[in-house]
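Q: So you can see what is in the structure, the chains are spelled out below.
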Amino acid sequence: NAGVTQTPKFQVLKTGQSMTLQCAQDMNHNSMYWYRQDPGMGLRLIYYSASEGTTDKGEVPNGYNVSRLNKREFSLRLESAAPSQTSVYFCASSENIGAYNEQFFGPGTRLTVL
Amino acid sequence: GDSVTQMEGPVTLSEEAFLTINCTYTATGYPSLFWYVQYPGEGLQLLLKATKADDKGSNKGFEATYRKETTSFHLEKGSVQVSDSAVYFCALRSNDYKLSFGAGTTVTVRA
Numbered sequence: 001n002a003g004v005t006q007t008p009k010f011q012v013l014k015t016g017q018s019m020t021l022q023c024a025q026d027m028n029h030n031s032m033y034w035y036r037q038d039p040g041m042g043l044r045l046i047y048y049s050a051s052e053g054t055t056d057k058g059e060v061p062n063g064y065n066v067s068r069l070n071k072r073e074f075s076l077r078l079e080s081a082a083p084s085q086t087s088v089y090f091c092a093s094s095e096n097i098g099a100y101n102e103q104f105f106g107p108g109t110r111l112t113v114l
Numbered sequence: 001g002d003s004v005t006q007m008e009g010p011v012t013l014s015e016e017a018f019l020t021i022n023c024t025y026t027a028t029g030y031p032s033l034f035w036y037v038q039y040p041g042e043g044l045q046l047l048l049k050a051t052k053a054d055d056k057g058s059n060k061g062f063e064a065t066y067r068k069e070t071t072s073f074h075l076e077k078g079s080v081q082v083s084d085s086a087v088y089f090c091a092l093r094s095n096d097y098k099l100s101f102g103a104g105t106t107v108t109v110r111a
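Line by line, the protein sequences give chains F and B.
1 is the number of the first residue of the first sequence in my numbering; add one for each residue after it.
1 is the number of the first residue of the second sequence in my numbering; add one for each residue after it.
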C-alpha cells in the first residue's frame, strides 16, 4: 500500500517547454487534488477532481490543465512552462469531497523553470 | 474569504524544550482545524485535527485546542526531540472541499 505516489521527484524545464506531472493513489479514493507550495505562502489549490470524470478549478489554475485518467490517476500538465511556475507540486487524495475527509499527500515534485 | 495566519519561523530549540506555534484563523461558519507536518523530503502528513469549538486534538505528544472565542488553534509540545524537526502547517476547512493553509513554520531541534 504505497498511498499517493508522484513522478518525477525533480524536474528542470526551460521556459516554454511542456511537461506532465503524474499522480496515482491506491486507496480507492474518489477525490484527488493538485497543490503548489511556494515559500511563505503555504499550499494553494490548483485543480481538484471530486470524482472520476470531473475536474474543477481551484485557487490558482492559470497555466495548468488536468486529466482524471481513471479513479487512481490524476495528472497535471504545464503546456508552456514559465519561471513563475517554479514550485513544489503536491498531489493529494481523499475518500470524498467534504469537510471531514482527510487528505493524504504524496511526496511532491520539485519543478524548476529556467 | 477563509485565511490562516501562523507565526513566522524559523524556530530553533534545544531538545526537551517546550514548543508553541501560534495559529489564528478567519473563516465563515464553523470550520474544522488541522495541523499538518512535513518532514524533510516528504509530503504533508496530518498531525492532529479538531472539528468543533473546545475540541482538543492530540498526537505524538502534540496538542492543540480549538478556541472559537479567540479564533486560535495553537500547537504545543512539552518536550521536543530532534525527530520533531519539520515544517508545521496550520490549516482550516469550512463547509466545502477547500483546505486553506498557513505559510508554514520551520522548526529545528538541536541535540
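FYI, nobody ran anything at the bench for these hints, they're computed from the structure.
Misleading hints may appear alongside valid ones.
To be verified - Mimicking SDA-like on lysine to any residue, the simulated pairs with C-alpha atoms at most 20 Å apart in a straight line are:
#, chain 1, residue 1, chain 2, residue 2
1, B, 60, F, 102
2, B, 98, F, 52
3, B, 52, F, 101
4, B, 98, F, 9
5, B, 56, F, 101
6, B, 52, B, 79
7, B, 98, B, 60
8, B, 98, F, 55
9, B, 56, B, 30
10, B, 49, F, 102
11, B, 60, F, 67
12, B, 68, F, 62
13, F, 57, F, 78
14, B, 98, F, 56
15, F, 57, B, 98
16, B, 56, B, 83
17, B, 60, B, 87
18, B, 98, F, 100
19, F, 71, F, 96
20, B, 52, F, 10
21, B, 60, B, 111
22, B, 98, F, 29
23, B, 49, F, 104
24, B, 68, B, 12
25, F, 57, B, 1
26, B, 49, F, 101
27, B, 98, F, 58
28, B, 60, F, 104
29, F, 9, F, 110
30, B, 52, F, 102
31, F, 71, F, 110
32, B, 98, F, 14
33, B, 49, F, 71
34, B, 68, B, 87
Said to hold, decoys possible - What follows is a list of derived Cβ distance ranges for each label pair:
#, chain 1, residue 1, chain 2, residue 2, range
35, B, 59, F, 82, 38 to 46 Å
36, B, 30, F, 110, 34 to 42 Å
37, B, 1, F, 39, 17 to 25 Å
38, F, 71, B, 30, 39 to 47 Å
39, B, 81, F, 112, 28 to 36 Å
40, B, 10, F, 110, 31 to 39 Å
Glycine is no exception: its CB is placed at the ideal position from the N, C-alpha and C atoms.
Q: Confirm or reject each hint.
A: Right, here's what the structure says about each hint:
no.: 1; hint: 60(B) x 102(F); in the structure: holds, 18 Å
no.: 2; hint: 98(B) x 52(F); in the structure: holds, 18 Å
no.: 3; hint: 52(B) x 101(F); in the structure: holds, 15 Å
no.: 4; hint: 98(B) x 9(F); in the structure: violated, 25 Å
no.: 5; hint: 56(B) x 101(F); in the structure: holds, 18 Å
no.: 6; hint: 52(B) x 79(B); in the structure: violated, 27 Å
no.: 7; hint: 98(B) x 60(B); in the structure: violated, 26 Å
no.: 8; hint: 98(B) x 55(F); in the structure: holds, 14 Å
no.: 9; hint: 56(B) x 30(B); in the structure: holds, 15 Å
no.: 10; hint: 49(B) x 102(F); in the structure: holds, 10 Å
no.: 11; hint: 60(B) x 67(F); in the structure: violated, 37 Å
no.: 12; hint: 68(B) x 62(F); in the structure: violated, 35 Å
no.: 13; hint: 57(F) x 78(F); in the structure: holds, 15 Å
no.: 14; hint: 98(B) x 56(F); in the structure: holds, 12 Å
no.: 15; hint: 57(F) x 98(B); in the structure: holds, 11 Å
no.: 16; hint: 56(B) x 83(B); in the structure: violated, 23 Å
no.: 17; hint: 60(B) x 87(B); in the structure: holds, 15 Å
no.: 18; hint: 98(B) x 100(F); in the structure: holds, 11 Å
no.: 19; hint: 71(F) x 96(F); in the structure: holds, 12 Å
no.: 20; hint: 52(B) x 10(F); in the structure: violated, 39 Å
no.: 21; hint: 60(B) x 111(B); in the structure: holds, 19 Å
no.: 22; hint: 98(B) x 29(F); in the structure: holds, 17 Å
no.: 23; hint: 49(B) x 104(F); in the structure: holds, 14 Å
no.: 24; hint: 68(B) x 12(B); in the structure: violated, 29 Å
no.: 25; hint: 57(F) x 1(B); in the structure: holds, 17 Å
no.: 26; hint: 49(B) x 101(F); in the structure: holds, 11 Å
no.: 27; hint: 98(B) x 58(F); in the structure: holds, 8 Å
no.: 28; hint: 60(B) x 104(F); in the structure: holds, 18 Å
no.: 29; hint: 9(F) x 110(F); in the structure: holds, 6 Å
no.: 30; hint: 52(B) x 102(F); in the structure: holds, 16 Å
no.: 31; hint: 71(F) x 110(F); in the structure: violated, 24 Å
no.: 32; hint: 98(B) x 14(F); in the structure: violated, 32 Å
no.: 33; hint: 49(B) x 71(F); in the structure: violated, 27 Å
no.: 34; hint: 68(B) x 87(B); in the structure: violated, 25 Å
no.: 35; hint: 59(B) x 82(F): 38 to 46 Å; in the structure: holds, 39 Å
no.: 36; hint: 30(B) x 110(F): 34 to 42 Å; in the structure: holds, 36 Å
no.: 37; hint: 1(B) x 39(F): 17 to 25 Å; in the structure: holds, 22 Å
no.: 38; hint: 71(F) x 30(B): 39 to 47 Å; in the structure: violated, 31 Å
no.: 39; hint: 81(B) x 112(F): 28 to 36 Å; in the structure: holds, 33 Å
no.: 40; hint: 10(B) x 110(F): 31 to 39 Å; in the structure: violated, 20 Å
Of the numbered hints stated above, those contradicted by the structure are hints 4, 6, 7, 11, 12, 16, 20, 24, 31, 32, 33, 34, 38 and 40, listed in ascending order.
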